[in-house]
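Colleague: Please construct the entire structure, taking both the sequences and the accompanying hints into account.
Number of protein chains: 2
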Amino acid sequence: MLNYKAPLRDMRFVMNEVFDYPAHYRALGSGEDASPEVVDAILEAAATYCEEVLAPLYVSGGEEGCHFQAGEVTTPKGFKAAYAQFVEGGWQGLSFPTAYGGQGLPVSLNLLKSEMMGTANWAFSMYPGLSIGCINTILQYGTEAMRQQYLPKLVAGEWGGTMCLTEPQCGSDLAQVKTQAKPLGDGSYAITGTKIFISSGEHDLTDNIVHIVLARLPEAPAGTRGISLFIVPKFLVGEGGALGTRNAVHCGSIEHKMGISASATAVLNFDGAIGTLIGEPNKGLEAMFTFMNTARIGTAIQGVAHAELAYQGALAYACERRSMRALSGKKEPEQVADAIVWHPDVRRMLLTQKAIAEGGRAMIYGAAQLADKMFAAAWAGDQAGYKRHDGELGFFTPILKGFLTEMGLEAANLGMQVYGGHGYIREHGMEQIARDARIATLYEGTTGIQALDLLGRKVLLQTRGQCVRDFTAQMWVLARPGLLAGGLRGRMARALARRAVQWNTLTLRLMLKAKADPEQVGASSVDYLMYCGYVMMAYHWALMAQRAEQALHSGQGPESAAFYQAKLQTAQFYFERLLPRADAHHRMALAPASTLLQMPVAAMAG
Amino acid sequence: MLNYKAPLRDMRFVMNEVFDYPAHYRALGSGEDASPEVVDAILEAAATYCEEVLAPLYVSGGEEGCHFQAGEVTTPKGFKAAYAQFVEGGWQGLSFPTAYGGQGLPVSLNLLKSEMMGTANWAFSMYPGLSIGCINTILQYGTEAMRQQYLPKLVAGEWGGTMCLTEPQCGSDLAQVKTQAKPLGDGSYAITGTKIFISSGEHDLTDNIVHIVLARLPEAPAGTRGISLFIVPKFLVGEGGALGTRNAVHCGSIEHKMGISASATAVLNFDGAIGTLIGEPNKGLEAMFTFMNTARIGTAIQGVAHAELAYQGALAYACERRSMRALSGKKEPEQVADAIVWHPDVRRMLLTQKAIAEGGRAMIYGAAQLADKMFAAAWAGDQAGYKRHDGELGFFTPILKGFLTEMGLEAANLGMQVYGGHGYIREHGMEQIARDARIATLYEGTTGIQALDLLGRKVLLQTRGQCVRDFTAQMWVLARPGLLAGGLRGRMARALARRAVQWNTLTLRLMLKAKADPEQVGASSVDYLMYCGYVMMAYHWALMAQRAEQALHSGQGPESAAFYQAKLQTAQFYFERLLPRADAHHRMALAPASTLLQMPVAAMAG
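Line by line, the protein sequences give chains H and U. Taking the UniProt record's numbering, the leading residue of the first sequence gets 1, the next gets one more, and so forth. Taking the UniProt record's numbering, the leading residue of the second sequence gets 1, the next gets one more, and so forth.
Think of the hints as simulated: they come from the structure by calculation, not from any bench. Quick caveat: nothing in here was measured; it's all calculated off a predicted structure. The reader is advised that the hints may include incorrect statements.
Copies of one chain are not kept apart here, so a pair can be met inside one copy or by any two copies together.
Below, computed lysine-lysine pairings styled on DSBU-like, alpha-carbon distance capped at 30 Å [stated by the list, open to error]:
1. 178 with 283
2. 283 with 331
3. 77 with 5
4. 77 with 283
5. 331 with 387
6. 283 with 387
7. 5 with 80
8. 283 with 182
Modeller: Next up, the structure:
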């Protein structure tokens, strides 16, 4: 039943009609080559590759998983050939500088490509996906020699890359990192320690794997201020990228996971592996966090991807599976029963998935324009511009990552639910989507970590609510002209205006509560994040509805009219059937921290 | 990390202090033997069996799964021995009539036993669990000869039983059942057809398996009024229960499922298998639904079971795993970091699980008293009493089954979330709980089916809201004395009173809307069910809080005081942090059906 079709019509709507990407690219330093024709050609080619090469490997790859034997990892059948096509197509270099073999296109285009690849086959997309952080780190912090040494092969996709942070005793709390880096006297270091949960840490798709590793120099300060960053390749690399001897980093095992089993999650043992310091000593954590915002948007995409794939699978089944009759009378009298798509509760589930997939897509494409500006500034060496745009983006990323991955998981579970008992068996692929989607709220910082970052850092500490005031000002601009209008437009405008006020008031109240009780931040954070997500998605649905209404007014052929009508109807669904959840989160976010903390730990066991 | 301990303290609190089971059993015809001492001894013995025999097989059984070869199913290692102990302990007969070898104790005791078995090892518990429907059907509809033939072995647990409803083309819509029953002239029938998703349909735990099969007689009316019920044993049974020849029912395969892989889900092919008609011709569906209410409570228990197990696993980890520091200052300064149980968001997750597990337990033990009365009437041949109690119970079952399984799934997912990335790998068992919990909202009628049963049948059609008026009257009785009180007691009382009014008003509004648009029932049903669940659980938490407060006032030792304090604190948590979700469901239930149905099916694909 799973038969991924890239939603190009919707992607173009969001790019061109909602966010005016053509104008955005024209204004962007790095965007001059991203003409509408080029963009279109890239989207079409990526769609074909995803639909024809990656999607057919989704269920089989998940079923087979990766194989581990004596330190070597074999990816599932078909992955090597599909990856070779990926390299051949030059897909890895899409948004990297031409100086290192990339195509120099804006990073947003890479995110769109990632969305399609991830929807077609999330586990596969993680292999090239993990390299991106490695490449960005070397671009930003490496010397020109390092760049020449590593980037051409990484940008071509011939080598893979990883980020090695987590250790058995610590994930979110990197202050506890123990891996040691011992200077060898020749400028290089011997790296010793164990890293776990390293996605793409070992596999058979590339000739070399370049690890970016967090480790401590001798006598480095304890905690986060004593962590440095090292490049540790699987095979040592000579001048011009020639492969040398095997380095002392070995895969001890791969994890047996609930899902994404085609993605190898490695335990890596560094036994005095040769590494090179990159960036300043003891400032590794800052460097590591430089591109965290884009990495997190990359994970937010997983929410959209799995909502989209689960929606496509569930819709097809709902149109085919027949059960009972509509309560208002037979819809398909010639059939033994009506297709379940006629039952309102099945519609509720399908529209929830659709609203999440399309609403999430709009949220990501909006934020991707900020990412474009941030990278353009970074590669142009404009530190101030980079910081400004990174700050703007920083407000969006925890909301996108936290909220969209939670919603993606819900949408994936609804996909199973539409299938009834058939959703629970492997055959249809729906349960695989739910298992694959489950990781998204855990890695790249759990929802709880995103929420602390949002409320504690971004909103309270760094901007004292300014980021919320800025965003809600945008909401007001969108809402104001419609406040007195009738029908859907007026209802949405008034709902949006009310939420804009409510969001600011909520933020202010939490600011005051947090002053009185520092534990309030953690007590409110996840409900606050979910509240922000629902309201931010409401803004994006109102924006899409506005554009759809304009398009309908300007006259459309019947096929386009149906598309725009569906946009308006999905927007209405969102405001009536999903946005009300924000009220519950609003109220729960304001509950006192004491309720959570008053119970003695010993009494919790009952 | 999973190390199940039966929550006997809480079970006794709910039984004895909240619902006064001793008095209930004294009043019950079948309850005279269920003295407090007997009940206690049974609970202790069941707890020991579950903790020591079943729990250790949970992760290994899930990992290994069932094996299928040439029509035979082998259960995972250890299951046979564990099942032998189950039979030896006489556990299957606990609540069945002594005339057939049972112990004649109230059915509620069996539900408590099932809760412990299901928490320790849900997949295992399904083997004896599925027999119960088969036994009840034969007890109620079989002739005395059939009872003598089948019941002693089934009640002893030496044979297993199943219910064979689902076919490839139909699950919920049994009108589409195609399996044929051809009279053989000697009073028996040849059954031909394919049944799927048959839990315990084939396995190696018992000498025989007795299938209760839905099939059609020749020239039976189309639809649900042409379905009859047949007993089709795997091995034919002679007088006195002697095993005869192998019947023509064979297992074609077992399903590869997302979870509960230790439970065999069989495809059964009936190729002219010999069957006996049980009950009246063409009235099989009614007979099948007779004990649907108890079967659904049995599935509702899965929500409590997985919430409890996930809570126990997550709490243990949260006390051990160290990450970062509490925002109000170090809690464990001598350690490298604080245990994550100190972080308010981790508390929020743990308390959510605890509130679901304990609140759900109370809901089930309350309903179980109605089940006791229903069965006592049924076995005493009191049709009027049976119908009255079954009607009362019928209001609770869709709420318990629908709401508690959804909440159990949430609690299981929170268990993984507390573990962070470690929750996603198989090792700790947490992801297995989430996979196992996922089936509960699908089988025995999906959440959507429960919701239609609740709003469409129970509330609107059968009682015109009387069941809601009856339950909310109970809420008023509990709330009234506290309405003017200060503190938690007053807040809970006022919240409860407000919800009692709101629930009735919501029901009335939906009744009116449904008259104007029959599709409104399906459009509102799931949100209505969830609303009912949150409010009903609020009543149970208020009830538990009241009892805990009384106990504290009457003076308690420090250990008991901590238990009762924790009850009050969890009740407070429930009212502040979970009950507000009812508002969102309230509003979403009132949204018009047109929003769901206005989009043309062709436009849904985008």
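Colleague: Could you run down the list of hints and mark each one as holding or not?
Modeller: Against the structure, the hints come out as follows:
1. When the C-alpha separation of residue 178 and residue 283 is checked against a cutoff of 30 Å, the pair qualifies only within one copy, where the shortest distance is 15 Å, while the shortest distance between copies is 70 Å.
2. Taking identical chains as interchangeable, the C-alpha atoms of residue 283 and residue 331 lie at most 30 Å apart only when they sit on different chains, with a minimum of 28 Å there against 65 Å within one chain.
3. In this homomeric assembly, residue 77 and residue 5 come within 30 Å of each other (Cα to Cα) only inside a single copy, at 22 Å, whereas the closest approach across copies is 43 Å.
4. For a Cα distance limit of 30 Å, the shortest separation of residue 77 from residue 283 qualifies neither inside one copy, at 41 Å, nor across copies, at 52 Å.
5. When the C-alpha separation of residue 331 and residue 387 is checked against a cutoff of 30 Å, the pair qualifies neither within a copy, at 57 Å, nor between copies, at 35 Å.
6. Taking the shortest Cα distances, residue 283 and residue 387 sit within 30 Å of each other inside one copy (17 Å), while across copies they are farther apart (74 Å).
7. In the homo-oligomer, the alpha carbons of residue 5 and residue 80 lie at most 30 Å apart inside one protomer (23 Å), although the nearest pairing across protomers, at 47 Å, exceeds that limit.
8. Proximity of residue 283 to residue 182 under the C-alpha cut-off of 30 Å is restricted to the intra-copy arrangement: shortest distance 17 Å within a copy versus 81 Å between copies.
Of the hints listed earlier, those the structure fails to meet are numbers 4, 5, in rising order.
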